[in-house]
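Undergrad: Now for the letters of each chain:
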Amino acid sequence: MGKQKKSLNEKIAELDKKVEWFYSDDFKLEAAVENYKNAAELAKEIEDDLKKLKNEIEVLAEDFSK
Amino acid sequence: MPNSMGHSDWLVSDVSEGTRLNSWSPTESIQMTPTTLISVVNDTLGAVYESVEVVGEVASFKVNQGKWVFFDLKDESSSVPCFMTLWSLRQPLEDGMKVVVRGTPKLTQWGKFSFTVSAVQPVGEGSLKKAYELLKKKLTDEGLFDPAKKRGIPENLTKLGVISSTQAAGYADFIKIINARWGGMRVQVAHTQVQGMDAPDQIIKALRYFNEHGEVQMIAILRGGGSADDLACFNDEKLVREVAASKIPVISGIGHEVDESLVDLAADVRASTPSNAAEMLTHDRMTELLKVKKMMTGAYQSAMQNIETARMANHEKLKRVSHGLIAKYIDPKINEVRKNMTEALENIKRALKEQEKHVEQKTVMLEALNPEVVLRQGYAILSGKISPGSVVKITTYDSEIITLIQEILKRSKNG
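Sequence lines, in order, name chains A and B. By our numbering, the letter at position 56 of the first sequence is numbered 56, and the numbering carries on one by one without gaps. Here our numbering runs 66 ahead of the position in the second sequence, where the first position is 1.
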């Protein structure tokens, strides 16, 4: 089974976690550049999603009057 | 063949079996049994008035054996006896309430006219308010609106169920707002009536559909503004209980800010309007964009600050290390150089002293040759031409003598 696509909210939560690392005691100078690069890529992805993603509206065929 | 009453047997026989009298004409005189008559009348009423709605005031309301409801529906001049099951009664009734009832008129087996009610709903502000207050008290006492039971909006909402009329303005506003604000959500819409006596059952079916299929994370029940009568269906007891019992959290966005239905109270989250529900269920794209930018700026600044802190710490460390190195490697060298220099200076000093001594000796020697010293020792210096008859000068320590050489004699040098 393929990897399930992350939702916008999930991506934002993931970015939040990545950014939190920069404020935490886990921060390591050696990993800072790589982590910032990863976070920036995710941020770009989120920005694209925010600009492009549309909602899928489906009116059910079910007749609830019967 | 005519029977005892002068009519053909087949007619009575057919009627008693409940067969429609298709061949019957109003102008014909027919005979039938009371049962047949009642049956014919009920068939006729049922055909003509399959479902009738009657508006009137409730009087003589009573419940028998905990399951049968009787009341009269009256206006200024007439009264209709009504009958229904308690199960069908979805809102509390009291004498004096104005209601609309839906049902079928019929004759009882005793030949009395009755209206069999399938649904009843209060109408008019006073009755609606009364019914609302009675049911609210009953359900509150049962703990149906207990705030402790409320669930919030799921954090990662991607699948939403909507129950509304797709033709309603409130629904259109809702869709417009969620599309403007957010993306990536799958919205399933159950189209139902959102006003009138049929609305509660349709909404209940839609609620059950979403709960049974389990494909959505939250259900939104939406209906735009309207009169108290329009919104009365959201005070239906069965619907309110269904909302409270929903496994999937429910958000209500019904009417305007000031309208409060019992469905609102039973829902997990109450939005004041469909538009407000859309705002509560979705984030705003622009706000999120700014948030993401702010997050990244913050991360960058924090990283820079951490780097600066590390740089300062390293600087201090370097300082400490360099001090150590100086003490370990440079200071001994300096000391060695200093020692060597001292030694060299001492050597120079010694050499100079030797030189000084040597010069002193030479000076003594030279001093010994000094004419003044010789003169002081009693010697004299003769200057001028040394020949007889010459005038010469004799210099002693404290005088100069001018004299004439009379004779020059040879001197013996043996001592």
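Accuracy of the hints is not assured; some may be wrong.
[To be verified] Short derived list, chain B residues pointing at chain A, Cβ under 7 angstroms: (1) 218; (2) 219; (3) 222; (4) 231; (5) 232; (6) 243; (7) 245; (8) 252; (9) 271; (10) 351; (11) 356; (12) 362; (13) 371; (14) 372; (15) 375.
These are calculated hints, taken from the structure and not from any lab test. Remember, predicted model here, so these are calculated numbers, not experimental data. The beta carbon of each residue, even a glycine, is placed where N, CA and C say it ideally should be.
Undergrad: Indicate, hint by hint, whether the structure satisfies it.
TA: For each hint, the structure was consulted:
With a least beta-carbon distance of about 14 angstroms to chain A, the hint placing residue 218 of chain B at the interface is violated under the 7 angstroms criterion. The interface hint given for residue 219 of chain B is broken, as the beta carbon of that residue sits about 11 angstroms from the closest beta carbon of chain A, more than 7 angstroms. Annotation: interface hint on residue 222 of chain B holds; nearest CB of chain A at approximately 4 angstroms, less than 7 angstroms. The interface hint given for residue 231 of chain B is violated, since its Cβ lies 11 angstroms from the closest Cβ of chain A, which is over the 7 angstroms cut-off.
This hint holds: residue 232 of chain B has a C-beta 6 angstroms from the nearest C-beta of chain A, less than the 7 angstroms allowed. Given the 7 angstroms rule on beta carbons, the hint for residue 243 of chain B is violated: about 11 angstroms separates it from the nearest Cβ of chain A. The criterion of a C-beta within 7 angstroms of any C-beta in chain A is met by residue 245 of chain B, whose closest approach is roughly 6 angstroms, and the hint holds. Among the interface hints, the one on residue 252 of chain B holds; its C-beta lies about 5 angstroms from the nearest C-beta in chain A, closer than the 7 angstroms criterion.
Using the Cβ-Cβ criterion of 7 angstroms, the hint placing residue 271 of chain B at the interface with chain A is satisfied: the shortest such distance is roughly 4 angstroms. A distance limit of 7 angstroms between C-beta atoms decides the matter here; for residue 351 of chain B the minimum to chain A is near 5 angstroms, and the interface restraint holds. A distance limit of 7 angstroms between C-beta atoms decides the matter here; for residue 356 of chain B the minimum to chain A is near 10 angstroms, and the interface restraint is violated. Because the beta carbon of residue 362 of chain B sits about 5 angstroms from the nearest beta carbon in chain A, less than 7 angstroms, this interface hint is met.
Taking 7 angstroms as the C-beta cut-off, the interface hint given for residue 371 of chain B is violated, the closest approach to chain A being about 9 angstroms. Residue-level restraint check for residue 372 of chain B holds (minimum Cβ-Cβ distance to chain A is 5 angstroms; threshold 7 angstroms). Given hint, residue 375 of chain B at the interface with chain A, is violated; its Cβ is 9 angstroms from that chain's nearest Cβ, farther than 7 angstroms.
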